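Novice: Residue strings, one per chain:
2 protein chains.
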Amino acid sequence: MPLFMDVHRNVDATVEDVVEAHKKDVETQEKHGVKYLNYWVDEDEGAVFCLFEGPSKEAGEKVHEEAHGLTADEIFEVEQGEAT
Amino acid sequence: MPLFMDVHRNVDATVEDVVEAHKKDVETQEKHGVKYLNYWVDEDEGAVFCLFEGPSKEAGEKVHEEAHGLTADEIFEVEQGEAT
Numbered sequence: 013m014p015l016f017m018d019v020h021r022n023v024d025a026t027v028e029d030v031v032e033a034h035k036k037d038v039e040t041q042e043k044h045g046v047k048y049l050n051y052w053v054d055e056d057e058g059a060v061f062c063l064f065e066g067p068s069k070e071a072g073e074k075v076h077e078e079a080h081g082l083t084a085d086e087i088f089e090v091e092q093g094e095a096t
Numbered sequence: 013m014p015l016f017m018d019v020h021r022n023v024d025a026t027v028e029d030v031v032e033a034h035k036k037d038v039e040t041q042e043k044h045g046v047k048y049l050n051y052w053v054d055e056d057e058g059a060v061f062c063l064f065e066g067p068s069k070e071a072g073e074k075v076h077e078e079a080h081g082l083t084a085d086e087i088f089e090v091e092q093g094e095a096t
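Line by line, the protein sequences are chains A and B. Mind the numbering: the first sequence is residues 13 to 96 in the working numbering, read in order. Mind the numbering: the second sequence is residues 13 to 96 in the working numbering, read in order.
Where hints are given, some of them may not hold.
[Stated by the list, open to error] Keeping only pairs whose Cα atoms sit at most 30 Å apart, straight-line, the calculated DSSO-like set for lysine-lysine is: (1) Lys43/A <-> Lys69/A; (2) Lys35/B <-> Lys47/A; (3) Lys74/A <-> Lys35/A; (4) Lys35/B <-> Lys69/B; (5) Lys35/B <-> Lys35/A; (6) Lys35/B <-> Lys74/B; (7) Lys47/A <-> Lys74/A; (8) Lys74/B <-> Lys47/A; (9) Lys47/B <-> Lys35/B.
Simulated from the structure, these hints should not be mistaken for laboratory data. Fair warning: this is a prediction, and the values are worked out from it, not measured in the lab.
Using the sequences provided together with the hints, build the complete structure.
Specialist: Spelled out as structure tokens, the structure:
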């Protein structure tokens, strides 16, 4: 399954808000064939990175849209390195 | 130890090039107290994301500088979500 990293910028939310938003993604993702795997938040800079598997960028976007409306600014189809 | 995500844009390199660059990071990182944990590459878009632990953004930048010279455009201090 393709892997994607999305990038949210100028996010006006706390880490706790993002934790809650992510829970909603996980509740919503299945019907779009998406799995949100992990995420990283820079609260001060308002940046959020979400790593997900799914059939397409659009499928991941749909999950964010339906779950909480906070869609990403950019979505990249990525290959993952070997974790060290 | 603080956690960081760096973002490289307009990268003119193949996935294989990035794999090699990452190996050089891992060889160089110890003296700067840094640990590069994983990375994600979008070869078509020329985007690379590196996740690392270390004392500071600057320490991570130093590793890239010394290892291969391909420094990031931006570095974010992040909190990581729970992997699902």
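Novice: Now, for every hint given, state plainly whether the structure supports it.
Specialist: Cross-check of the supplied hints:
Restraint check for Lys43/A and Lys69/A: satisfied, since their Cα atoms lie roughly 15 Å apart, inside the 30 Å limit. The straight-line distance between the Cα atoms of Lys35/B and Lys47/A is roughly 29 Å, inside the 30 Å bound, and the hint therefore holds. For the suggested pair Lys74/A and Lys35/A, the alpha carbons sit about 15 Å apart, so the restraint of at most 30 Å is met. Using a Cα cut-off of 30 Å, the hinted pair Lys35/B and Lys69/B holds, with the two alpha carbons roughly 19 Å apart.
Between the alpha carbons of Lys35/B and Lys35/A the distance comes to roughly 35 Å, so the proposed pair goes past 30 Å and is violated. With a C-alpha separation of about 15 Å, the suggested pair Lys35/B and Lys74/B falls inside the 30 Å cut-off, and the hint holds. Under the criterion of a C-alpha separation no larger than 30 Å, the hint pairing Lys47/A with Lys74/A is consistent with the structure, at around 12 Å. Taking the CA atoms of Lys74/B and Lys47/A, the gap is near 34 Å; set against the 30 Å cutoff, the hint is violated.
Simply put, Lys47/B and Lys35/B have alpha-carbon atoms about 12 Å apart, close enough for the 30 Å limit, and the pair holds.
Consistency note: the structure conflicts with the earlier hints numbered 5, 8.
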